[in-house]
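As a plain string of letters, each chain reads:
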Amino acid sequence: DTEVTQTPKHLVMGMTNKKSLKCEQHMGHRAMYWYKQKAKKPPELMFVYSYEKLSINESVPSRFSPECPNSSLLNLHLHALQPEDSALYLCASSQDLATHESNEQFFGPGTRLTVL
Amino acid sequence: AQSVAQPEDQVNVAEGNPLTVKCTYSVSGNPYLFWYVQYPNRGLQFLLKYITGDNLVKGSYGFEAEFNKSQTSFHLKKPSALVSDSALYFCAVRFKSNYKLTFGKGTLLTVNP
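Protein chains in written order, with my numbering: chain A, 1 to 116; chain B, 1001 to 1113.
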């Protein structure tokens, strides 16, 4: 199984709502990533988890709160978002954060988020 | 710092013609290089990667890419384009000493019937 799954596919929320994005992989990967992608732009790294611990926070506002409950799951909790946060949110995973040549990232299909 | 440039925002080709999507990189040392494709409203799909060895790398869906160290380029190619190849293509680079992917800005490929 070389698949990363993400739910929901689409999410519309108001600025006062609290919602969560979910990501799952069953490849035994120990590194998981959240990216934000605006239309026709490259993905921007938000967070990196390694062995269920947060390794990197790319100066993301606190209204985005990641969580890694176990090695297969990665959540992104959303609260008090702004309309400019509307984007495609991509999850990815890799074997770990080691730099060997075969350690590539596998991406999920993304969640299309619209903030009203 | 590592960086990737995709000089063309858009590439248009006719179906059946060869296609090239350009990528150049700027890193010190020898990087790992990747191509990803993104179809509308979808996530990124891995196409191919260059690690070491043969400069011509073959990937999914008939795509290939040629690594040129002297020109620091990694252009994506396909001998005969299909309408279904129309998508957004991203080149990415990773240092051998770093796990982070740095993406180019993307090139929108349109294959016309």
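None of these hints come from the bench; they were simulated from the model.
Small disclaimer: the values here were computed from a predicted structure and weren't measured.
Do not take every clue at face value.
With a straight-line Cα cutoff of 20 Å, these simulated EDC-like cross-link-like pairs (lysine to aspartate or glutamate) come out [to be verified]:
#: 1; chain 1: A; residue 1: Lys9; chain 2: A; residue 2: Asp85
#: 2; chain 1: B; residue 1: Lys1100; chain 2: A; residue 2: Glu44
#: 3; chain 1: A; residue 1: Lys9; chain 2: A; residue 2: Glu24
#: 4; chain 1: A; residue 1: Lys18; chain 2: A; residue 2: Asp85
#: 5; chain 1: A; residue 1: Lys36; chain 2: A; residue 2: Glu84
#: 6; chain 1: B; residue 1: Lys1049; chain 2: B; residue 2: Glu1066
#: 7; chain 1: A; residue 1: Lys38; chain 2: B; residue 2: Glu1066
#: 8; chain 1: A; residue 1: Lys22; chain 2: A; residue 2: Glu67
#: 9; chain 1: A; residue 1: Lys40; chain 2: B; residue 2: Asp1054
#: 10; chain 1: B; residue 1: Lys1058; chain 2: A; residue 2: Glu58
#: 11; chain 1: B; residue 1: Lys1100; chain 2: A; residue 2: Glu58
#: 12; chain 1: A; residue 1: Lys41; chain 2: A; residue 2: Asp85
#: 13; chain 1: A; residue 1: Lys41; chain 2: B; residue 2: Glu1066
#: 14; chain 1: B; residue 1: Lys1105; chain 2: B; residue 2: Glu1015
#: 15; chain 1: A; residue 1: Lys18; chain 2: A; residue 2: Asp96
#: 16; chain 1: A; residue 1: Lys38; chain 2: B; residue 2: Glu1008
#: 17; chain 1: A; residue 1: Lys22; chain 2: A; residue 2: Glu44
#: 18; chain 1: A; residue 1: Lys36; chain 2: A; residue 2: Glu67
#: 19; chain 1: A; residue 1: Lys53; chain 2: A; residue 2: Asp96
#: 20; chain 1: B; residue 1: Lys1100; chain 2: A; residue 2: Asp96
#: 21; chain 1: A; residue 1: Lys22; chain 2: A; residue 2: Glu52
#: 22; chain 1: A; residue 1: Lys53; chain 2: A; residue 2: Glu84
#: 23; chain 1: B; residue 1: Lys1049; chain 2: A; residue 2: Asp96
#: 24; chain 1: B; residue 1: Lys1105; chain 2: A; residue 2: Glu58
#: 25; chain 1: B; residue 1: Lys1100; chain 2: A; residue 2: Glu104
#: 26; chain 1: B; residue 1: Lys1049; chain 2: A; residue 2: Glu104
#: 27; chain 1: A; residue 1: Lys22; chain 2: A; residue 2: Asp85
#: 28; chain 1: A; residue 1: Lys9; chain 2: A; residue 2: Glu58
#: 29; chain 1: B; residue 1: Lys1100; chain 2: A; residue 2: Glu84
#: 30; chain 1: B; residue 1: Lys1022; chain 2: B; residue 2: Asp1009
#: 31; chain 1: A; residue 1: Lys9; chain 2: A; residue 2: Glu84
#: 32; chain 1: A; residue 1: Lys22; chain 2: A; residue 2: Glu3
#: 33; chain 1: A; residue 1: Lys19; chain 2: A; residue 2: Glu84
#: 34; chain 1: B; residue 1: Lys1069; chain 2: B; residue 2: Asp1054
#: 35; chain 1: B; residue 1: Lys1105; chain 2: A; residue 2: Glu24
#: 36; chain 1: B; residue 1: Lys1049; chain 2: A; residue 2: Glu3
#: 37; chain 1: B; residue 1: Lys1105; chain 2: B; residue 2: Asp1054
#: 38; chain 1: A; residue 1: Lys40; chain 2: B; residue 2: Glu1008
#: 39; chain 1: A; residue 1: Lys40; chain 2: A; residue 2: Glu84
#: 40; chain 1: A; residue 1: Lys41; chain 2: B; residue 2: Asp1054
Tested hints:
{"no.": "1", "hint": "Lys9(A) x Asp85(A)", "verdict": "16 Å, holds"}
{"no.": "2", "hint": "Lys1100(B) x Glu44(A)", "verdict": "11 Å, holds"}
{"no.": "3", "hint": "Lys9(A) x Glu24(A)", "verdict": "13 Å, holds"}
{"no.": "4", "hint": "Lys18(A) x Asp85(A)", "verdict": "14 Å, holds"}
{"no.": "5", "hint": "Lys36(A) x Glu84(A)", "verdict": "11 Å, holds"}
{"no.": "6", "hint": "Lys1049(B) x Glu1066(B)", "verdict": "10 Å, holds"}
{"no.": "7", "hint": "Lys38(A) x Glu1066(B)", "verdict": "29 Å, violated"}
{"no.": "8", "hint": "Lys22(A) x Glu67(A)", "verdict": "10 Å, holds"}
{"no.": "9", "hint": "Lys40(A) x Asp1054(B)", "verdict": "32 Å, violated"}
{"no.": "10", "hint": "Lys1058(B) x Glu58(A)", "verdict": "33 Å, violated"}
{"no.": "11", "hint": "Lys1100(B) x Glu58(A)", "verdict": "12 Å, holds"}
{"no.": "12", "hint": "Lys41(A) x Asp85(A)", "verdict": "14 Å, holds"}
{"no.": "13", "hint": "Lys41(A) x Glu1066(B)", "verdict": "24 Å, violated"}
{"no.": "14", "hint": "Lys1105(B) x Glu1015(B)", "verdict": "24 Å, violated"}
{"no.": "15", "hint": "Lys18(A) x Asp96(A)", "verdict": "30 Å, violated"}
{"no.": "16", "hint": "Lys38(A) x Glu1008(B)", "verdict": "18 Å, holds"}
{"no.": "17", "hint": "Lys22(A) x Glu44(A)", "verdict": "18 Å, holds"}
{"no.": "18", "hint": "Lys36(A) x Glu67(A)", "verdict": "16 Å, holds"}
{"no.": "19", "hint": "Lys53(A) x Asp96(A)", "verdict": "12 Å, holds"}
{"no.": "20", "hint": "Lys1100(B) x Asp96(A)", "verdict": "12 Å, holds"}
{"no.": "21", "hint": "Lys22(A) x Glu52(A)", "verdict": "15 Å, holds"}
{"no.": "22", "hint": "Lys53(A) x Glu84(A)", "verdict": "28 Å, violated"}
{"no.": "23", "hint": "Lys1049(B) x Asp96(A)", "verdict": "18 Å, holds"}
{"no.": "24", "hint": "Lys1105(B) x Glu58(A)", "verdict": "19 Å, holds"}
{"no.": "25", "hint": "Lys1100(B) x Glu104(A)", "verdict": "10 Å, holds"}
{"no.": "26", "hint": "Lys1049(B) x Glu104(A)", "verdict": "9 Å, holds"}
{"no.": "27", "hint": "Lys22(A) x Asp85(A)", "verdict": "17 Å, holds"}
{"no.": "28", "hint": "Lys9(A) x Glu58(A)", "verdict": "24 Å, violated"}
{"no.": "29", "hint": "Lys1100(B) x Glu84(A)", "verdict": "25 Å, violated"}
{"no.": "30", "hint": "Lys1022(B) x Asp1009(B)", "verdict": "10 Å, holds"}
{"no.": "31", "hint": "Lys9(A) x Glu84(A)", "verdict": "19 Å, holds"}
{"no.": "32", "hint": "Lys22(A) x Glu3(A)", "verdict": "14 Å, holds"}
{"no.": "33", "hint": "Lys19(A) x Glu84(A)", "verdict": "16 Å, holds"}
{"no.": "34", "hint": "Lys1069(B) x Asp1054(B)", "verdict": "12 Å, holds"}
{"no.": "35", "hint": "Lys1105(B) x Glu24(A)", "verdict": "27 Å, violated"}
{"no.": "36", "hint": "Lys1049(B) x Glu3(A)", "verdict": "18 Å, holds"}
{"no.": "37", "hint": "Lys1105(B) x Asp1054(B)", "verdict": "26 Å, violated"}
{"no.": "38", "hint": "Lys40(A) x Glu1008(B)", "verdict": "13 Å, holds"}
{"no.": "39", "hint": "Lys40(A) x Glu84(A)", "verdict": "15 Å, holds"}
{"no.": "40", "hint": "Lys41(A) x Asp1054(B)", "verdict": "31 Å, violated"}
Violated hints, listed in ascending order, are 7, 9, 10, 13, 14, 15, 22, 28, 29, 35, 37, 40; each of the other numbered hints is respected by the structure.
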